[in-house]
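Given chain A, put chain B in place with the hints provided.
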Amino acid sequence: MSPLLEARELVRIYETRRGLLGRSAEVRAVDGVSLRLRRGETLGVVGESGSGKSTLGRMLLGIDAAQHGTVCIDGATMPNPGTGDWRALRARIQMIYQDPLAALDRRLSVAQQLREPLDIHRIGDVESRTQRIRDMMQSVGLRLDQTDKFPHELSGGQRQRVVIARALMTEPELLVCDEPVSALDVSIQAQVVNLLADLQRDRRLGMVFISHDLKVVRNLCDRVAVMYLGRIVEEGPADTIFVDPQHPYTQALVSSVPQPGRALDSRIILQGEPPNPGNRPPGCAFHPRCH
Amino acid sequence: MNNLVEIRDLRVSFDGVPVLHGIDLDVAPGEALGLVGESGCGKSVTWLAALGLLPGKADVSGSVRLRGRNLAAARRLALERVRGGQIAMIFQDPSSALNPVMRVGKQITEVLRLHRGLVGASAKNEALRMMDLVGIPDARNRFGRYIHEFSGGQAQRLMIAMALAGEPDVLIADEPTTALDATIQAQILDLLVDLRHEMSMATVFISHDLAAVAQICERVCVMYAGKIVEEGPVRHLFDRPYHPYTRGLFDAIPSLTGPRRRLVPIPGAVPDPRYMPSGCAFALRCDRARDFCKQHRPELLPQPGGRQLACAYPVPEARDILHHQEEYQ
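Chains A and B are the protein sequences, given in the same order. Under numbering that gives the first Met the number 0, think of the first position of the first sequence as 0, with each following residue one higher. Under numbering that gives the first Met the number 0, think of the first position of the second sequence as 0, with each following residue one higher.
Hints listed in this document are in silico derivations from the structure and should not be mistaken for laboratory results.
Pairs of lysine to aspartate or glutamate residues, derived as EDC-like cross-links and limited to a Cα-Cα distance of at most 20 Å, are as follows:
#	chain 1	residue 1	chain 2	residue 2
1	A	214	A	177
2	B	105	B	148
3	B	105	B	79
4	A	148	B	271
5	B	123	B	166
6	A	214	B	208
For reference, chain A alone in the conformation it holds in the complex:
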C-alpha cells in the first residue's frame, strides 16, 4: 500500500535581490527534501527560522510549487495548483497556521467560518451542514452558544479551536500544522495539543506537525525530522531522537531547550550567526557553527 504522503527530492528556490540594483541571489529554502507519512502517523518537523520548514509545509499541500521533485498523495502525483483537480484534492489535505486571528475571517461568525469549506466543496445539504457544524464544534471543545460569536469575541485558544474545526470540516486525511500552538500560553497550549492528538487518533489522520518547540513535538509525534538550511539533517523516532541525538546540530538544539533543574553551563552553546539561506556555506551547511 502506498503511503498517504510521499515527497521526493523537493526543491524550492526563491530569487532575492540585494539592495535596489544588486545582483539577484538564489535562496534555496528547501533543498532536496524527501519524506513519507503513513495514515494515522504524526511526523514532527523541527528547525529554526530560515530552516525551510514552513516552505516545506506549504509545498506538501501544493500551495507553494516545487521547482524540482514530486509530492504524491495516496500514490497519485499532486495535480498542478490552481486546477480543478487540485482544488478537489484540497478537501482531503488541510493546513493549520500559527496565528488564528490572521487565518480566520474577522467578519464571519464561528458557524459561517465552519460552513465555508462545506459550501466550497459542495458537501451535504443545508440541514446536514448545520448538523455537521454542531458536531464539529463539540468535538473540538467549543460550546454551542459560541456559534454566532466573531473571532475577536473568542480567546486565543478558542480561536485556534475554530481554525482546527474548519480544517477538519471536509474530513481530510492529511493535516499540515505550521506552529499551531506557538502563539498560545503554556496552559492553553497543552489543551490544543491534546485536542490535536485526540482528533488525529480518532480520525486516523496523517499529520505533519511543524514546530520549533522540541518539547511539544516529542510528546505529540511518532517520528521527527530535524531541518537545517533547507535540508533534513536527522530523522528518527520521537522516543529516541532527542534522547540520543546523532547530528551535532540536533545535539545543540536539544541542549538549548531550557529545562527546570538543569544547570545553564551544561549546555552546548552554538557560536556564530544564525544561518542565512541566501548565503549557504559550502560543504556541510552546519560546519561554521559545528562544535
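Then chain B, alone, in the frame of chain A:
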C-alpha cells in the same frame, strides 16, 4: 532598608477596568528575580507602571521607591534620569524598540551622553566597548550600521548594550528571548547571566517560560490575573510549588525526557478582567477550590522558608501526580 526597588500596593486600571490588583514587590541589589505568568497577568504592566511608561489613560496608584525615593511622585525630568540611568528595560522585539533610521552606534552614544555625560571620542570608545561586551563581532566597522542590517539575535544584543550603557542598577528584561531561535536564545540567556555578574546589577527577568526563569533566576514571583500568587527561592518553588496554578504551569510543560505522555493542561482560561470573580481569580480553573475560594480573595501571606503564597488550599504533596499520568499507547 536594603532594597533597591520597593513596590507597594501598585494598582493599574485601564478605562476603569482594574488589571493590576495591588502588587508588593522588592528587588535587592544584584539579585536575579523572575516574574512569570501567562499573557495578560500583569507582569509587564507592573514595570511599565513603575517606570511611568503606560499611556495616559492608565490609572496608576501605589508607591514605587528606588533607593527610598518615591518615583510615583517624581517629576517627568527626574523620571527620565532614572529610566536608562538607574533602571533600564529591554523588550521582546528589538527591531521595534530601536530607532530604525538612526545608526546603532549613535543610539548607544546618546545614552552615554544623557546618563553619563560622555561626548566625542570618549563616548564612541565606550560605545564600542559596550558592543564588544555584548558580543557584537567587528564592532568598529558596524558602529555606523542601521538596525535592519543586524540579525535578530544581534539586534537583541545591541538593545542590551544600549540598556547597559547607562550603567543601571536594575535591568528589566521583558521576554528578551521569546522572539529568538532556540540556539540564539541560549546565547542571549548566557550573556544576561554573565553581564549581571560582571556589572553587579540586579536583573528582573519577565517571562512566560518557567524553565528559562529557573535557569537564570534566584527568586521567582508567579503572577495570575493581576496579582502575585506565589513567591519564593527558585529551587524551593520549583521542587515544591504550593499554589495550584504554579503546579498547573509546571505540569503543562511537556518534558523532553522520560516517557512520552499526554500533556496536562489547566482547564478553562484566564478570567476577563472586566468580569473578575469575587473570590480567588483561579478558583474556576482549580481542582482544589472549595466554596470558600469562590467567596474570599486570598491574601499573599508569608510561609516558612522565605516564601509567600496566596491560596487557602495549597497543593499538599510534590510531584506524585506525574507518575499517574496516562502515557501515549
